[in-house]
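Q: Single-letter residue listing:
Number of protein chains: 2
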Amino acid sequence: MIELGGKRLRPSLTLMSCDMFGGRIENALAPAMGLELFHNFTLLHDDIMDQAPIRRGKETVFKKWNTNSAILSGDTLFVMAYELVTKTTPALLPQVLELFNDTARKVCEGQQYDMDYEFRGDVSIDDYLLMIRLKTAVLISCSLKLGAIIAMAPAEEAGLIYDFGENLGLAFQLQDDYLDVFGEVDKFGKEIGNDIVTNKKTYLYLKAFELAGGEKLELLTRHYRDRSLPAPEKVATITGIYRELGIDVLTRSLIDEYFARALDIMGRINIPEERKQLLLELAAQMVNRES
Amino acid sequence: MIELGGKRLRPSLTLMSCDMFGGRIENALAPAMGLELFHNFTLLHDDIMDQAPIRRGKETVFKKWNTNSAILSGDTLFVMAYELVTKTTPALLPQVLELFNDTARKVCEGQQYDMDYEFRGDVSIDDYLLMIRLKTAVLISCSLKLGAIIAMAPAEEAGLIYDFGENLGLAFQLQDDYLDVFGEVDKFGKEIGNDIVTNKKTYLYLKAFELAGGEKLELLTRHYRDRSLPAPEKVATITGIYRELGIDVLTRSLIDEYFARALDIMGRINIPEERKQLLLELAAQMVNRES
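Top line first, the protein sequences correspond to chains A and B.
Sequential numbering of the first sequence, starting at 1, is according to this note's numbering.
Sequential numbering of the second sequence, starting at 1, is according to this note's numbering.
Intra- or inter-copy, both count: the list cannot distinguish identical chains.
List of simulated lysine to aspartate or glutamate pairs, EDC-like, C-alpha gap at most 16 Å:
no.: 1; residue 1: K207; residue 2: D122
no.: 2; residue 1: K106; residue 2: E83
no.: 3; residue 1: K187; residue 2: D176
no.: 4; residue 1: K87; residue 2: E98
no.: 5; residue 1: K190; residue 2: D177
no.: 6; residue 1: K234; residue 2: D180
no.: 7; residue 1: K234; residue 2: E191
no.: 8; residue 1: K207; residue 2: D177
Simulated from the structure, these hints should not be mistaken for laboratory data.
Assemble the whole structure, with the sequences as input and the hints as a guide.
A: Listed below in structure tokens is the structure:
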């Protein structure tokens with residue numbers, strides 16, 4: 001699982017946040033690794049639940065070995081995540097545990113919502129935003145706040161970096177959804193339109209159904225219901241309707257809105273701007289990425 | 001999962017150990033509950049891995065709902081276990097975490113061995129004892145040591161109660177294996193001979209193959225290999241061979257041996273005998289139980 005690679009975004013955020021708050025990044029190394037293991041644990045179990053055969057161009061764990069090994073090595077990875085996350089000064093343990101326990105629980109809740117939504121016909125945009133907040137954004141927040149705690153930042157500033165992370169995380173996930181439809185296949189590195197093929201109720205899907213009327217609504221409904229439709233045709237038609245409805249522009253503007261909120265919160269953290277630069281550059285990459 | 005009931009053995013051990021070492025059992029309540037949740041988390045995931053339809057006379061979680069809900073509610077239960085186990089004085093957190101992380105990892109390892117053994121032809125009695133030590137005994141040890149830590153017992157005595165628990169845990173699991181073959185159905189509360197039907201490589205199975213020769217070995221091998229054999233016939237024949245080989249007596253004597261070791265270790269804990277009474281009574285029940 002670990003050898004599949006990945007951007008190592010979450011540990012990077014922890015180290016950068018620790019550094020920004022004037023902490024020693026050496027002290028954040030083990031906890032940062034713990035968050036990466038936790039993230040991989042969730043992917044490992046998610047792949048079983050989604051029956052996903054491929055991740056990062058390679059076979060998923062349950063496919064390569066079997067479901068039982070995937071469940072159990074996920075559980076073990078979770079233990080190892082706790083071992084590493086709690087490798088910190090004893091005085092910081094209560095804060096670290098409160099943050100990590102809360103995050104872990106929310107990520108599980110988010111995954112449950114994600115699965116539930118597949119079978120629910122009444123998912124609203126607010127429901128969707130709640131789900132990605134829990135499933136994705138809180139771990140971004142947690143990564144940043146963990147760095148702040150290890151740097152012994154004041155509680156108020158640790159709270160601000162958490163809120164920064166939550167807005168950044170929402171923008172990050174929306175960017176993922178955007179790229180899945182409007183990305184360029186050469187840059188994205190995976191197939192375009194997978195969310196459309198699987199009828200995933202993303203912000204784009206929900207907004208399109210909210211805005212579409214008449215013929216467009218009828219076209220959307222028909223294309224999402226028809227299971228015999230070849231995937232390329234379904235993707236092309238629905239992407240076309242999305243463009244006509246302005247879903248691309250609306251999604252980008254929602255991403256910009258969350259990112260602006262994040263920047264606003266960052267502005268309230270009382271640290272010289274130049275110390276924030278590295279983290280802000282990474283954050284900008286997260287919401288402007290093409291892959 | 002929690003409403004299925006159970007003996008609540010592990011939290012009882014934590015509370016009794018805390019009390020024995022002169023601690024306030026109120027301080028041990030949350031961590032003790034955490035261990036019970038952890039135990040239930042492992043059962044929940046084990047039931048998926050074993051495809052077990054029934055536990056304690058009721059449908060298992062994955063059967064009643066589905067595998068995905070069972071994986072995810074197991075993960076969440078694991079988070080809740082950490083939340084409760086770490087509800088203790090900050091000064092004790094490093095010790096508590098070291099103990100619990102180590103235990104959780106070993107229990108996962110034990111489960112992996114248990115699954116591996118099913119497909120291995122070269123499992124030895126030592127392999128089996130290692131597996132039940134990891135899968136079952138260390139959680140008994142952990143329960144007892146957690147009580148000792150919360151009672152702020154000296155490190156040496158906390159180590160002794162851990163070792164007491166490990167021997168007790170081995171005796172406890174061997175008693176389980178014994179009852180599965182030689183128990184009385186009315187008292188045992190579940191079907192007799194399940195380990196035989198499923199070809200489980202318990203101490204009884206491994207010892208029988210070690211001791212059997214000639215006709216008995218041939219009979220054993222044939223009955224274990226023949227998948228078309230009706231379960232009652234298989235159980236009756238193999239139980240008969242076990243008795244002829246003295247497996248019942250040998251198993252009881254191994255249980256007695258581990259229990260005697262446990263008692264010997266308890267004797268080295270410098271606490272008045274009357275304070276040990278309650279815990280010793282429970283321990284005796286664990287290895288002499290009929291259900």
